[in-house]
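Novice: One letter stands for each residue in the lines below.
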Amino acid sequence: MKEYFDLIISDYTLRTITLGTAVLGAVCGMLGSFAVLRKQSLLGDAISHAALPGIALAFLWTGTKDGHVLLIGALISGLLGTFWIRGIISKTHLKSDTALGLILSIFFGFGMLLLTFIQKMPNANQAGLDKYLFGQAATLVESDVWLMSVIAGLCLLVLILFWKEFKIMLFDPDFTKTIGFNTKVIDILITSFIVLAIVLGLQTVGVVLMSAMLLAPAAAARQWTNRLGVMVLLAAIFGSLSGIVGTAVSAYQNNLSTGPVIVIIASVFVLISFIFSPNRGLLFRQLRFARNRRDLHMHKTLAFMYQIASTHQNISHPHAIKILNKFQGFTRGTLKKLEDKDFVILEGNEWRLTQEGFNVAANLYNQQKKPNE
Amino acid sequence: MSSSQIEIQLIASLVAVACAIPGVFLVLRKMAMISDAISHAILPGIVVGFFITENLNSPLLIVLAAVTGIITVILVETIQKTGLVKEDTAIGLVFPALFSIGVLMIAKNANDVHLDVDAVLLGELAFAPFDRWMVDGTDLGPRALWIISIIFIITLGLLLSFYKELKLSTFDKGLAASLGFSPVVIHYGLMTVSSVTTVGAFDAVGAILVVALMIAPAAASYLLTDDLKRMLWLSTMFGVISAIGGYWVAHWLDASIAGSITTFLGLIFLGVYLFAPKRGAIAVWYREKQQKTEVSLLTFLLHLKNHTEQAERHINHLQEHINWQKVRAKTVLDLALKNNMITIENGLVTLTQKGEAFTSKAIDYIITNKDAQIEDMKEDFFLFRG
Numbered sequence: 001m002k003e004y005f006d007l008i009i010s011d012y013t014l015r016t017i018t019l020g021t022a023v024l025g026a027v028c029g030m031l032g033s034f035a036v037l038r039k040q041s042l043l044g045d046a047i048s049h050a051a052l053p054g055i056a057l058a059f060l061w062t063g064t065k066d067g068h069v070l071l072i073g074a075l076i077s078g079l080l081g082t083f084w085i086r087g088i089i090s091k092t093h094l095k096s097d098t099a100l101g102l103i104l105s106i107f108f109g110f111g112m113l114l115l116t117f118i119q120k121m122p123n124a125n126q127a128g129l130d131k132y133l134f135g136q137a138a139t140l141v142e143s144d145v146w147l148m149s150v151i152a153g154l155c156l157l158v159l160i161l162f163w164k165e166f167k168i169m170l171f172d173p174d175f176t177k178t179i180g181f182n183t184k185v186i187d188i189l190i191t192s193f194i195v196l197a198i199v200l201g202l203q204t205v206g207v208v209l210m211s212a213m214l215l216a217p218a219a220a221a222r223q224w225t226n227r228l229g230v231m232v233l234l235a236a237i238f239g240s241l242s243g244i245v246g247t248a249v250s251a252y253q254n255n256l257s258t259g260p261v262i263v264i265i266a267s268v269f270v271l272i273s274f275i276f277s278p279n280r281g282l283l284f285r286q287l288r289f290a291r292n293r294r295d296l297h298m299h300k301t302l303a304f305m306y307q308i309a310s311t312h313q314n315i316s317h318p319h320a321i322k323i324l325n326k327f328q329g330f331t332r333g334t335l336k337k338l339e340d341k342d343f344v345i346l347e348g349n350e351w352r353l354t355q356e357g358f359n360v361a362a363n364l365y366n367q368q369k370k371p372n373e
Numbered sequence: 001m002s003s004s005q006i007e008i009q010l011i012a013s014l015v016a017v018a019c020a021i022p023g024v025f026l027v028l029r030k031m032a033m034i035s036d037a038i039s040h041a042i043l044p045g046i047v048v049g050f051f052i053t054e055n056l057n058s059p060l061l062i063v064l065a066a067v068t069g070i071i072t073v074i075l076v077e078t079i080q081k082t083g084l085v086k087e088d089t090a091i092g093l094v095f096p097a098l099f100s101i102g103v104l105m106i107a108k109n110a111n112d113v114h115l116d117v118d119a120v121l122l123g124e125l126a127f128a129p130f131d132r133w134m135v136d137g138t139d140l141g142p143r144a145l146w147i148i149s150i151i152f153i154i155t156l157g158l159l160l161s162f163y164k165e166l167k168l169s170t171f172d173k174g175l176a177a178s179l180g181f182s183p184v185v186i187h188y189g190l191m192t193v194s195s196v197t198t199v200g201a202f203d204a205v206g207a208i209l210v211v212a213l214m215i216a217p218a219a220a221s222y223l224l225t226d227d228l229k230r231m232l233w234l235s236t237m238f239g240v241i242s243a244i245g246g247y248w249v250a251h252w253l254d255a256s257i258a259g260s261i262t263t264f265l266g267l268i269f270l271g272v273y274l275f276a277p278k279r280g281a282i283a284v285w286y287r288e289k290q291q292k293t294e295v296s297l298l299t300f301l302l303h304l305k306n307h308t309e310q311a312e313r314h315i316n317h318l319q320e321h322i323n324w325q326k327v328r329a330k331t332v333l334d335l336a337l338k339n340n341m342i343t344i345e346n347g348l349v350t351l352t353q354k355g356e357a358f359t360s361k362a363i364d365y366i367i368t369n370k371d372a373q374i375e376d377m378k379e380d381f382f383l384f385r386g
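First to last, the sequence lines map onto chains Z and R.
Under the numbering used here, the first residue of the first sequence is numbered 1, with each subsequent residue one higher.
Under the numbering used here, the first residue of the second sequence is numbered 1, with each subsequent residue one higher.
Any given hint might turn out to be false.
[As the list claims (entries may be wrong)] To give an idea of the interface, some chain R residues facing chain Z are shown, with a C-beta separation under 7 Å as derived from the structure:
1) Gly157
2) Ala255
3) Leu337
[As the list claims (entries may be wrong)] Label-pair restraints from in silico Cβ distances:
4) Asp295(Z) to Lys173(R): 51 to 59 Å
5) Pro173(Z) to Lys30(R): 16 to 24 Å
6) Asp295(Z) to Ala177(R): 44 to 52 Å
Keep in mind that the hints were calculated from the coordinates and are not lab data.
As the structure is a prediction and not an experimental result, all values here were calculated from the model.
Glycine is no exception: its CB is placed at the ideal position from the N, C-alpha and C atoms.
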């Protein structure tokens, strides 16, 4: 562990990649929260594919492989794709999934056409354009990390400035409109930032995995809290942790590309959150269900006993346990539990209702009867 | 045309048709993104198949990939059923994870063998004719042609035999269930067909083109018709046209055939999106604009009906009273004049009898919201057509 930290400080490449993926993860986590809450989870997938023709066209036009020029191309074509998706959803009866799939595949296909066209061109220094398809964290340089950090800072600033607006738009868009906020501007702002984050991530994790970078940290964070601020913060932390851990794992092992490892780490975060988060998690939910079921069985048994006991003058008249067999709510466990609560007294193969048990059962019975009265 | 050119076009057309059929149902069932998820998530299936058989052409790869596709669908549904995240998030979580596993498996174990992520994902139709199916030295044609033909015939057979069930369960799940055919069986049947088609097709043309071929023709035809049968025919047609058109564009540019076919599909969709007679963007834009004018017309006529004073009806006061811009006021006046609803004398606007009748009817409609009164108005006014 210590060696690794030393390595991060001494090794330029490793430090750059670790920082880069951490910042990227944080930005994606922050913005992804909004995408997830606005039910635009797959927008990331569509935009990352839609950026490809922009990269190719930027190269064709300028002839340089300068990362920032290609980035601008990607940004423009990503935005174009996003707004066309909007257009399809608002102007036609096609649903959002169709619009997303359509733009994703068409733009990407067009990008492929351009890329293969470029590859056939004589005297072009086109090699390396396809690293945008699958991503190569190793190509990150310090200036990339700076760019990412600046954008992350900008993004943070905008989030803080327009926090109220973002929040209200997420949870009550109609209300936002009625109180006179210009939702369109806010909407375009957040969408543009999402597109920007995706375009930034393309080089690192590639087209296919970019959507997971945007989604997974947010989906994981969502499980732990119901507060937007906490969720955004948690998502940013999960995102950058995925980046750092993913880079570390892929650095330790040969032949493991960083992008997929980061995605898998992020997926692990999701899995853990799905299972272990205290309020929404599957594990605790199952436990709650089990406890409710047990309580229900116990109450059913008690109610049944009450019916039998109330036909006798002495409520503590002993009855054979066998009588309960006709009835499904009874298990050894429930009997034991009833005894622990001093509702019944067990003697050999017989049970007797105590006064307390009788009272509780009567109350239970009343509650059950109430709606029919 | 050489024989390999014909073969390529044949394969591309068959792939297009085989994809268009399940694609129509995916689009109608709002599950279009599932095809994207499947096309990426099958990677680990292919890799495992490759490790077992050491042969990229083994049918086991297709079987395992198709199984992985179905597993993807089941996983997405399982996650969705927990209620922890929405459906689209579930899709977005599952397929990148599976894809990553596939990529890492390749990176870890298959570095020295010929299995490339880009080869699997991108596909190259131009090479399809070189991979021939030989039995005892006899050449039976390209392998891809066989695979896709078989898939196409099975898809067609299933479509013809379960057309009724598919149609019903797509448009009315509840009715389908109450009539006794299980929507779940149909759902997984459709998912299996989509998965198998995706695998079979992407072997030849690559993952992204499969998604385009499934969604784009269906989306374009959905803008043109509501009739399921016609939609299926139109999608098939769009698919074949772009397969052949795309091939020749690629031939001319010397570029990727799959990319070119997708671009062709994109152009077809763009054309339909803009120019479709009823649902195209231009038609919708025109209608919205027209409706806006008509709403203004109605407001204007109601204003006239409510105000008999001369001052209120003077043409120069209109802008002031209803607060319209000049251009719109003029459009509305023109429209009202054209329809003989008003007369203008000495700058005074007066409702004609027709205008009076129209206004009363419109008020009636607004109050009761019953269509009967305005049947005859639907002809002339977008506003009342809903």
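Novice: Now look at each hint and say whether the structure bears it out.
Specialist: Here's how the hints hold up against the structure:
no. : hint                               : verdict
1   : Gly157                             : 26 Å, violated
2   : Ala255                             : 4 Å, holds
3   : Leu337                             : 31 Å, violated
4   : Asp295(Z) to Lys173(R): 51 to 59 Å : 36 Å, violated
5   : Pro173(Z) to Lys30(R): 16 to 24 Å  : 21 Å, holds
6   : Asp295(Z) to Ala177(R): 44 to 52 Å : 34 Å, violated
When each numbered hint is compared with the structure, violations occur for hints 1, 3, 4 and 6.
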